[in-house]
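Colleague: Chains as they are written, first to last, in the working numbering: chain A, 5 to 117; chain B, 144 to 256.
Please keep in mind that the hints were generated in silico from the structure rather than gathered at the bench.
One or more hints might be untrue.
[Unchecked claim] Among the chain A residues that face chain B by a calculated CB cut under 8 Å, a handful are:
hint: 1; residue: 38
hint: 2; residue: 46
hint: 3; residue: 48
hint: 4; residue: 50
hint: 5; residue: 83
hint: 6; residue: 93
hint: 7; residue: 101
hint: 8; residue: 104
hint: 9; residue: 105
hint: 10; residue: 108
hint: 11; residue: 109
hint: 12; residue: 117
Note that beta-carbon positions come from the ideal geometry of N, C-alpha and C, so glycine has one too.
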Amino acid sequence: GESVGLHLPTLSVQEGDNSIINCAYSNSASDYFIWYKQESGKGPQFIIDIRSNMDKRQGQRVTVLLNKTVKHLSLQIAATQPGDSAVYFCAENRLNTGNQFYFGTGTSLTVIP
Amino acid sequence: ETGVTQSPTHLIKTRGQQVTLRCSSQSGHNTVSWYQQALGQGPQFIFQYYREEENGRGNFPPRFSGLQFPNYSSELNVNALELDDSALYLCASSLWHGTNEQFFGPGTRLTVL
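Looking at chain B on its own, in the form it has when it is part of the complex (with noise of 0.2 Å):
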């Protein structure tokens, strides 16, 4: 069984570029989550991906969406980057069947100059 991983594991941009960050779930697992955790804080929910749709959306602006492949891999883009997303990306795989454990990629650093 492998766990989620996510590429890249670094990455800088400068403000107003677009960004596109990958992770692979857990094999066996549907469902892919995306969360952003800056410095010092918990993650924060951006979205989820379900069937290749997306379900369900946490505070984050449409400059942020994502993808989910038919092997349930999933992107994440970012547009017009800002200084303020800056941050660690990560990636959470589960099972859809009601609430379920989530397993976390390692996330990727992102630097936003």
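Same shape as in the complex, but just chain A (with noise of 0.2 Å):
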């Protein structure tokens, strides 16, 4: 079935060192992409955002990349900190469905110090 998955289960860096994480999502309707990081016992939080009729998109310290060919997200965090330890989320809108998200299972960044 369709679904928004996540390549690696869990990542780990080395404090200071570039993150990257990517998600895959098979449905052509999605248009609207958020990553969210959650900490343990928290809610998610939102991190970034990006809609379908762009390919790149810059936060502090964020930046997600769009592959609307390949149905490919990436999550990229500069000069990672301890703080940035949790699990992150893709999600996905469909167009059409309000707003209705759908989650994949998330990966697990350990940021070593």
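Bring the two chains, given one by one in their own frames, into a single complex with the hints.
Modeller: What follows is the structure, given as structure tokens:
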């Protein structure tokens, strides 16, 4: 069935290095994507979003890349810090479904001091 | 501006009981979505409320129901609780104008014994 999935369930990086978290989606009707960060015991926290008419968007220390041809999304975190340790989810919104989002399983990022 | 709040924080019920979870949306947001997040999984969309009516539903049985009030706050009701209903229940608020970013509350941890 159609789904949003992540390539790697866990990722460990050294503090100061850059992190890249990947996400694949299979629904061609997906037109809006959000990356969320979820720390233990908390709700998902909005990081950055991107619409399907863009292929790149930058925020503070984060960049999201969207490749619609291969239905792939990535989140790049520059100069990863211990506070970035969390589970990261990509969520997709499918055209004409309003604000209904579909989440993948998540990638657990661990930053090694 | 106040964020999304949920109550209670934790709840323990027994199989067959009924439960009501509450959510107050972020100031100015008129749409509320509910998600179920099982341990180690991404959030799964339950349903969404706009203008006090259900607007979209995920793959959840009718014993999951909800309400939205004129002040945009919302309730999630689950009848005939099953063991598999044990999860973190998340509420997210957003503005109803096409697709927009959603902001999540901290969640209610429901345990069914």
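Colleague: Decide, hint by hint, whether the structure agrees.
Modeller: So, going through the hints one by one against the coordinates:
no.	hint	result
1	38	holds, 6 Å
2	46	holds, 6 Å
3	48	holds, 5 Å
4	50	holds, 6 Å
5	83	violated, 25 Å
6	93	holds, 5 Å
7	101	holds, 6 Å
8	104	holds, 5 Å
9	105	holds, 6 Å
10	108	holds, 5 Å
11	109	holds, 5 Å
12	117	violated, 25 Å
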